[in-house]
Amino acid sequence: MGSTTAPAPPKKPVMKKPNYNLLHVNPLPLTIQALPPLIPHNPLSLLHILYTYLFCRTPCQPSPPYVGFFNPATRSVHVVDARSIQAFWNSGFFGKGSLSRSEPTWISRRRRALGIIGKDEDLTAEEITERRRQERKQFKLERARAEKERIQNQLAQEGKIDLPADGASSPQPDAAAAGESDITAAATVPAPPIEPEEEEDDELVTDKPSIFVEDLEHLQLTPEEAFFLMYGLGALQVTVGPEGNTPVDIRNALCLFRQHSYFPALENEVYLQPDDTFMLNYVVYHHFRSLGWVVRPGVKFGVEYLLYNRGPVFSHAEFGVLIMPSYSHPYWANDNKRKQKELKPWHWLHGINRVSAQVKKTLILVYVEVPSPEEIKGLDVTELLKKYGVREVALRRWLVSRNRD
Amino acid sequence: MTSYTPAEHQAHAHLLQTVHANLEHTALWTSLTAHTTSTYPRPLLSGVPPAPIYVDPDADPNVPLPAASTQREWVLPVDLREKWSPKKMAQVFDSLPAGDWGVDAKGGLRKKRLLLAVVAEDSTVVYYFVHDGVVKPRQN
Chain A
0 MGSTTAPAPP KKPVMKKPNY NLLHVNPLPL TIQALPPLIP HNPLSLLHIL YTYLFCRTPC
60 QPSPPYVGFF NPATRSVHVV DARSIQAFWN SGFFGKGSLS RSEPTWISRR RRALGIIGKD
120 EDLTAEEITE RRRQERKQFK LERARAEKER IQNQLAQEGK IDLPADGASS PQPDAAAAGE
180 SDITAAATVP APPIEPEEEE DDELVTDKPS IFVEDLEHLQ LTPEEAFFLM YGLGALQVTV
240 GPEGNTPVDI RNALCLFRQH SYFPALENEV YLQPDDTFML NYVVYHHFRS LGWVVRPGVK
300 FGVEYLLYNR GPVFSHAEFG VLIMPSYSHP YWANDNKRKQ KELKPWHWLH GINRVSAQVK
360 KTLILVYVEV PSPEEIKGLD VTELLKKYGV REVALRRWLV SRNRD
Chain B
0 MTSYTPAEHQ AHAHLLQTVH ANLEHTALWT SLTAHTTSTY PRPLLSGVPP APIYVDPDAD
60 PNVPLPAAST QREWVLPVDL REKWSPKKMA QVFDSLPAGD WGVDAKGGLR KKRLLLAVVA
120 EDSTVVYYFV HDGVVKPRQN
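Residue numbers (numbering that gives the first Met the number 0), protein chains in the order written: chain A, 0 to 404; chain B, 0 to 139.
Think of the hints as simulated: they come from the structure by calculation, not from any bench. This one's a predicted model, so the numbers in the text were calculated from it and none came from an experiment. Hints may contain errors.
[What the hints assert, rightly or not] One-sided and incomplete, this derived list gives chain B residues near chain A with beta-carbon spacing under 8 Å:
no.: 1; residue: 10
no.: 2; residue: 17
no.: 3; residue: 24
no.: 4; residue: 57
no.: 5; residue: 122
no.: 6; residue: 123
no.: 7; residue: 125
[As the list claims (entries may be wrong)] Derived pair list, reagent style DMTMM-like, types lysine to aspartate or glutamate, alpha-carbon separation capped at 20 Å:
no.: 8; chain 1: A; residue 1: 299; chain 2: B; residue 2: 131
no.: 9; chain 1: B; residue 1: 82; chain 2: A; residue 2: 368
no.: 10; chain 1: B; residue 1: 110; chain 2: B; residue 2: 23
no.: 11; chain 1: A; residue 1: 336; chain 2: B; residue 2: 81
no.: 12; chain 1: A; residue 1: 139; chain 2: B; residue 2: 81
no.: 13; chain 1: B; residue 1: 111; chain 2: B; residue 2: 55
no.: 14; chain 1: B; residue 1: 110; chain 2: B; residue 2: 55
no.: 15; chain 1: A; residue 1: 147; chain 2: B; residue 2: 57
no.: 16; chain 1: A; residue 1: 299; chain 2: B; residue 2: 81
no.: 17; chain 1: B; residue 1: 110; chain 2: B; residue 2: 131
no.: 18; chain 1: B; residue 1: 82; chain 2: A; residue 2: 341
no.: 19; chain 1: A; residue 1: 136; chain 2: B; residue 2: 57
no.: 20; chain 1: A; residue 1: 343; chain 2: B; residue 2: 81
no.: 21; chain 1: A; residue 1: 136; chain 2: B; residue 2: 55
no.: 22; chain 1: B; residue 1: 82; chain 2: A; residue 2: 274
no.: 23; chain 1: A; residue 1: 340; chain 2: B; residue 2: 81
no.: 24; chain 1: A; residue 1: 147; chain 2: B; residue 2: 55
Think of the CB as a built atom: it goes at the ideal place given N, C-alpha and C, for glycine as much as any other residue.
Hey, can you work out the whole structure from these sequences and the hints?
Written as structure tokens, this is what we have:
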């Protein structure tokens, strides 16, 4: 490199991340009371534990319970109350902002668009991704241009075409080297400059408009998430009805969610099947939640669920879950339609596996044993769920030439 | 023509609302119009995206893209659990107006295309391109 160095690429503003470890300290929206420590050589510590256990226990469920209402139009549970939204997102990553990628942050983006908050203030995950994509796009455009120029040069060198004689792009002897240097040049091309607006922005700070922006967003819980929060944790009260104020108990909620898992929704509960989508999904959802995973819907990757170790803000999902109903109960032996459902074509599996591998996720096939209708008739929720069985098979493509991992 | 039950018609209207909100408030599309007349087999949406959503693989990267306002895109809201067939898709394509599809980078008539907006229960909307015929795949 000569004495004249190219100007350094503009320094990116350092973005302050919230302390996620502190923010998401509770894995579930419950309060857990720690008992005093047991000290073996101090018998009084046992009394202390007993005293706390017997007389000082507070219920771990929130009081009053968090609230949400069932909306038949979206077939999901909407949470609009700020306290509930915060609890569900921060503790366990339940639900999704209806106008956001995951955490409900639409209002921040809207405020920024209206100039109420600064351009780097309170950045949302969507905006960070968008900025990264812009940079990438710019790089690709640059690369495509360089590639085209290289071909032109090569053709000119071979005397097949005449380059416009402006001297700007002198033919280079080594095409490969030329391509390389072009790419490195492209890599240092600054991202679409947001800098020129900086000054204006600073001016704006003084006279930011103070407009009231209505938050159009709600936290949307899938029926499975809502049922887990209701039945599994007892932390949620779901309401129904045109005004959304009639509380519904666990048994009726199960019925409602099962009916709405059909498209279009079933009118009558007598048509419910032991293998309806809600039952299969819920059994799997409950299974993985009980094992401590953060389970989130995975429609973007063509799978039913994604499993996160601690949560989406900490790491990417490690696993994709595919739900496979399994009809091994003798009752289903002559049900050809259902037996057909067990048979999936290889290209389907191959496609999903390739997509999962592309995003570095391992695919897990979860087989759910479906009980017969007689077996589950009239059972209450816990007994009903006990009739379902779950088996997992992890799947990964193996390459002979790359087997050292 | 495929006929839908009243319950399905109702569900289609809800899907339309969800996708409309998604396009308007998160993707920032403008001039969104709902097409719910009986000329269409089921409700469709059309609107103008803030930036062109599809770049022809043969297009010259140095030539600026056409103004966004000329690119009206069609959207078909569907539920994740619906079953689709080529026949049903063909009916939707047949119902789209023949006129304003423009030309591709090589000067040929552009194939009709729409965005299949698949709505999931967690309010995720996944969009897929559907073309009325074979087109050259885009390079990523």
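List of violated hint numbers, smallest to largest: Result: hints 4, 8, 9, 10, 12 break, sorted rising.
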